[in-house]
Each structure stands twice: as structure tokens, then as C-alpha cells.
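Could you put together the complete structure from these sequences and hints?
Here is how the chains run, residue by residue.
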Amino acid sequence: MRSHHARAVLMLILVAALAVVASWEFRAMRQADLILPGPGVTRQTTLGAYHNALLGSSAETPVYVLEGALPGGTLCVLGGVHPNEASGFLAATVLVEHIVVERGRLIVIPQASWGGYTCTDPMEAYPEHYTIPLPMGERTFRYGSRGMNPIDQWPDPLVYLHHPSGQQLSGIETRNLNRCFPGRPDGTYTERVAYAIMQVLRTEGVDIAIDLHEAAPEYPVINTIVAHEKGTEIAAQAVLSLEFEDLQFTLERSPVRFRGLSHREWGDGTEAYAFLMETGNIMQGRLRGRTTPELLVSGIDRMYLKAAAIGMVKIPYDSSGVPIELRVGRHLQGIAALLEGYNDERPERRIMLDRLPSFAECASGGVGAFLNSPTTFHPSTTGEIP
Amino acid sequence: MTAFRFHFVLVAVLITCFAISASAQKAPTFKQPVLLTSAGQSADVTMASTLLKKAKIEALAKPLAQPADLKGIHTLIVVAGFSSKGLGAAGISREDEMNRVTTLLEAAKKAKIPVLTMHLGGAARRGSQSDDFNKVAAEAAAYLLIVKQGDEDSFFSSIAQEKKIPIEVVDKIAGAVAPLQSVIP
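Protein sequence lines correspond, in order, to chains A and B.
Residue numbering for the first sequence follows the numbering used here, beginning at 17 and increasing consecutively.
Residue numbering for the second sequence follows the numbering used here, beginning at 7 and increasing consecutively.
If you're looking for bench data, these hints aren't it; they were derived computationally from the structure.
Please note: incorrect hints may appear among the correct ones.
Cut-off 27 Å, straight-line C-alpha distance, at most; resulting in silico cross-link-like pairs (DSSO-like, lysine-lysine) [claimed, not checked]:
id : chain 1 : residue 1 : chain 2 : residue 2
1  : B       : K178      : B       : K141
2  : B       : K116      : B       : K77
3  : A       : K246      : B       : K62
4  : B       : K116      : B       : K32
5  : B       : K59       : B       : K77
6  : B       : K60       : B       : K116
7  : B       : K116      : B       : K154
8  : B       : K154      : A       : K322
9  : A       : K246      : B       : K60
10 : B       : K60       : B       : K178
11 : B       : K37       : B       : K170
12 : B       : K154      : B       : K77
13 : B       : K59       : A       : K246
14 : B       : K170      : B       : K32
15 : B       : K141      : B       : K118
16 : B       : K37       : B       : K68
17 : B       : K115      : A       : K246
18 : B       : K178      : A       : K246
Which bits of chain A does chain B cover? Going by a derived footprint, with three or more residues having C-beta under 8 Å, they are [what the hints assert, rightly or not]:
id : region
19 : 251-263
20 : 269-282
Residues of chain A clear of chain B, computed beta-carbon distances all greater than 12 Å [stated by the list, open to error]:
id : residue
21 : A48
22 : A69
23 : G72
24 : G84
25 : E118
26 : A376
Note that the structure is predicted; figures quoted are calculated from it, not measured.
Backbone N, C-alpha and C fix where the C-beta goes; we use that ideal spot for every residue, glycine too.
In C-alpha cells, the structure reads:
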């Protein structure tokens, strides 16, 4: 009898210890990533500045403004609309930390779905963090979830009704920022974030807006630029320009009837030319094997080698994988190409970026070559979420 | 005997030359005005429009062109390749698009308007969804202009050989400008 009591107490202690460890890990996801603004950043604010309802909430993600000395148009780049699509966040972070604007203005929101960075997707075995090597040292970032954290918006309805169209989608999409544009000021947590981003585009008079994503290698819309109809000619020009760099992109038109997507709602609801770019992320694939931080960075997976051999993969795939530096490089080169097309279309409001790394530079130097080192840089954005 | 051998070899050489010239079809020339449309609603039709501008060829771009749009047209350019996003953008179903394409191609044939079919999207515009459109557009063509990556399995080359359609395979999309200038002077 006494031994039973002892076992029960032991089990309770074990369960309590596991609960403490799990809570500790869960809370660690709320520790903000270190972003070290480079010399080009002239102003730093948060999404709350564009919609008061977000002030003091976990949705108050940083917004960086890089203003050039010469007048021109405004480019807005979003990373982390889906926090499990790491190359978009890293490309946006490179913009914040490395580049300088010569003409016009650049607004960057590297972690648009801030709430999605505080958890991972259930049942995916995703790691909570991954590491990018620097020339000296390394940087660690969170790997988040596709949707916002349910702790901020719960429960999910059975059917999600998009505002204002009334389009019906699966209930889980209610926390997917890229199904909630244009949002509404007094809507759900995700709708309020979507509304605040629309306010950024409207109040800052954004001319060209680019949303950076990744997708599973078996998804047909991949290595792609999706363009709102206002900007299809700019995108066509960009695809041709990228082809000269030996980067193949396909061009897709933004569907008119599929509502809530960034390229559709930004293009319809603001003056901006709206684009979305996709690269291939093995971590999101259904066919992947062991899911580790190394897989996210290297993109090397033997199951995908087999899938590629039987034609199930929509991107070129071999034993060298699709490493993060190539995915970030594609985004950065894609931004350069879209800007080139935009500058031809709107020469009176052209935008010129300096120090924008090319695909070849990312491929040879790695992403870390364009990120600042915490050991030599004073961190300005760190700590607990407000 | 020697004379017989000589004539035999001569005849064989002539037959071979004839066969070679028949298989490598000479590219036709097309007249303007040009109507540009899609078969499958991929955004490659916008790419083709950009290429035509670079080639300084004026074209009326109508991704959803109907037989009535052929009035006064001397060349129909069809850009083949399926896109579900493109169909969504156009607000039509796959079946609607296939009906539109076949009706348009029949109308062009009836009106004796030659068809120039382009395939620019490489491997991304191949596969079961795209190939129905690729086949219909390619078989109706008087000339095929194809980006190499879309013909790795000789899909278009085989159609060209079988139907005796002149074909130009270019390495890159941008490489399509020169052949366009050549066939639409």
C-alpha cells in the first residue's frame, strides 16, 4: 500500500516536471527574435501606430522605415505572414539589417503575423528554433506556425466567413492572416492585424507591395510571382529579367474570386501594385522525412529525392536540396526584378535600393553574410512581447 | 552495271534529301493584325504580350477571345498552359476554357486564319492539367514556338513531326523574340 502511494507521488512529480518543461518551452516562444536594424533604417515603429486596437497587444509587430535622401515612391515588403515560411522572414530581415535606400522609401514588416511566431503547428513535429551561421557566430530565430496562436484567438468556428465577401473557408483559416485581408478594425485578432496592414499601405501611400512566402515542393504554385492585374506587366518584365539571371519563375494572375489573399485585397483596396512570391520549403512538404532545424536550413531530404525521381516535385530538386540561402536569394533577386519593372512603369516615382544582395551573392556567401552580428551590434529590438 | 549503281545511289540521295526537307518544315510567315489569346488561362499570355512588344509587333491581347474577335484578324497567337489561379482570375471552369479554346480554333480554321502556338512556361506548364490544352493548341498550329524546358520529353516535337508543323525550340523565354520577328515581319 505504501509502495503504491510512493509510486503515485513519483508519477505526480514526473507529470509536474514535464508540465514545467513544456510551459518553459511554450513561454520561450514568446521571446522576441533579435532584429538588428542596419544603417538604412530611419524610423522604427509598430503595427499599433496604424491601428490603435493593437497597441499593447501581442499583435504589435515591429515596422521598419528606410527613407532615401532622394524623393521617390514607396515599396512595402512583408515577411512572416506565414511564420513557418522562413525565407520570407529572413529576406525581409536582410532588408532591415543590410540595405540602404538611395531614392524613395522602403517599409518592412519582417514578422507580419507576430502571434504566429509564439507557437508551432500541432502534429507537424516542427522545431521551435533554427540557426543561421554568420561569418563570425550565429543567429537563432523562431520557426512559427502558419496561423495565429489559438491562445490569442479561440475557438475556431466550423466555417470561416471572410469579411466583407462572405466567402466560406475551413474554420482554421480564421487565424490565417493571408485569408483575412482586408480585415476590419473591430474584427477578430487576425482581422485587426490584416486591417492594420491595409492601413500601412493606405496611410503611407505605398506604390508597390510584396508579400514573401514559401510552399511545399509538391504545390504547383511555387517559384512563382503572383500578381494582381494592375501589375501583371511589371511581373512579366520581372520574370524575363530573372530568366537572364538563370532563375526560373512562373507568373500567375491573382484570382478574382478567391478573397482574403494579400495580392487580391492589397491590389483592390489600395493604390499599390501587389505581388506575392513563393519559394520551395521542404519543411512544409507532406512527403518529408525527419523534421529538424537542419532540414529547414539545408532543404535536403532523401524522401524528396525519391519523389523528384518520379516527377512529384514541382521545383528542380537534387542531392544539394533547396537551402535557405538560395530561397532567400530568390526572394531578394525577385524584389530587385519587380522594382526594375516598377521603375520602368513609374519612372517619376522610382525607388532605388543600394546593397541589395543578389541571388548569386546569397548563394556564395550565405544569408548570414547579410545579417548583423549580435557580438558587434547593440540590440535594439529584443525582450518580451508587450 | 556501273551506270545502274550510279543511278541507284542518285535516286537514294534524292529521296533522302526530300525526306529531310519534308521533316524540317520551313517556317511560314504571318501577317498582322494579330490576336493574342490563352489556352488554359496561364499568365504566360502576359509574358507573350511583353515579348511581342519587345519584337515591336502589335497584338490585340484577349485571354478570353471568342470567335467574334477574329473579325479582321490575320494571325491568331495561342499561348498554351493551364493555371488554376488563372481560371480563378477569369472566373471560369476548366471545361468552359476547353470549350472556348476548341470553338475559337475551329472558327480560326474555318476563317483560314493561321495559328501560331507558343509554350513559354516550361515544366510548370506541363503535366496532366496543362497537356490537354497544349495538345489542342499545338495540333491546330501552323507554327510552334516552344521554350526548351517544356519539350524535354519531345511532347511538342512529336506533334510537330507527326502533323508536319514547323517548330522552333528556344532555350529561354527571351529567346522567343527573334523567331517572332522573323515569322511576323
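Hint-by-hint comparison with the structure:
As the CA atoms of K178/B and K141/B are separated by approximately 21 Å, the hinted pair is consistent with the 27 Å bound. At most 27 Å may separate the alpha-carbon atoms for a hinted pair to count; K116/B and K77/B meet this at roughly 12 Å. In summary, the hint linking K246/A to K62/B is supported, as the alpha carbons are separated by about 22 Å, within the 27 Å threshold. Distance restraint check for K116/B and K32/B: the Cα-Cα separation of roughly 23 Å lies within the 27 Å cut-off, and the hinted pair is therefore satisfied.
Distance check on the hinted pair: K59/B and K77/B sit about 22 Å apart at the alpha-carbon level, within 27 Å; holds. A threshold of 27 Å between alpha carbons decides the hint, and for K60/B with K116/B the separation of about 31 Å lies outside it, so the pair is violated. A C-alpha spacing of about 31 Å is found between K116/B and K154/B, which places the hinted pair above 27 Å, so the restraint is violated. Of the pairs offered as hints, the one joining K154/B and K322/A holds, with about 25 Å between alpha carbons and a cut-off of 27 Å not exceeded.
Pair hint K246/A plus K60/B holds up; C-alpha atoms about 20 Å apart against a cutoff of 27 Å. About 15 Å separates the Cα atoms of K60/B and K178/B, which keeps this hinted pair within 27 Å; it holds. Of the pairs offered as hints, the one joining K37/B and K170/B holds, with about 21 Å between alpha carbons and a cut-off of 27 Å not exceeded. A C-alpha spacing of about 33 Å is found between K154/B and K77/B, which places the hinted pair above 27 Å, so the restraint is violated.
Taken as a hint, the K59/B and K246/A pair is honoured in the structure, with Cα atoms around 18 Å apart against an allowance of 27 Å. A hinted pair counts as satisfied when its Cα atoms are at most 27 Å apart, and K170/B with K32/B qualifies at roughly 10 Å. For the hint pairing K141/B with K118/B, the CA-to-CA distance comes to about 20 Å; that is within 27 Å, so the pair holds. For the hint linking K37/B to K68/B, the alpha-carbon distance of about 18 Å falls within 27 Å, and the restraint holds.
With a CA separation close to 34 Å, the supplied pair K115/B and K246/A exceeds the 27 Å bound. The straight-line distance between the Cα atoms of K178/B and K246/A is roughly 26 Å, inside the 27 Å bound, and the hint therefore holds. Here's how the region 251-263 of chain A fares: 7 of its residues keep a CB closer than 8 Å to some CB of chain B, so the rule of at least three is met and the hint holds. Only residues whose beta carbon comes within less than 8 Å of a beta carbon in chain B count, and the region 269-282 of chain A has 6; three or more means the coverage holds.
Distance check on A48/A: its Cβ is at least 35 Å (rounded) from any Cβ of chain B, clearing the 12 Å threshold; non-interface status holds. Every Cβ of chain B is farther than 12 Å from the Cβ of A69/A; the closest lies at roughly 32 Å, confirming the non-interface assignment. Consistency note on G72/A: stated as away from chain B, and its beta-carbon is indeed over 12 Å from all of that chain's, at 39 Å minimum. For G84/A, the condition that its CB be more than 12 Å from all CB atoms of chain B holds, with the nearest at approximately 29 Å.
Separation of E118/A from chain B is adequate, the least Cβ-Cβ distance of about 27 Å exceeding the 12 Å criterion. No Cβ of chain B approaches the Cβ of A376/A within 12 Å, the least distance being about 18 Å, so the stated non-interface status holds.
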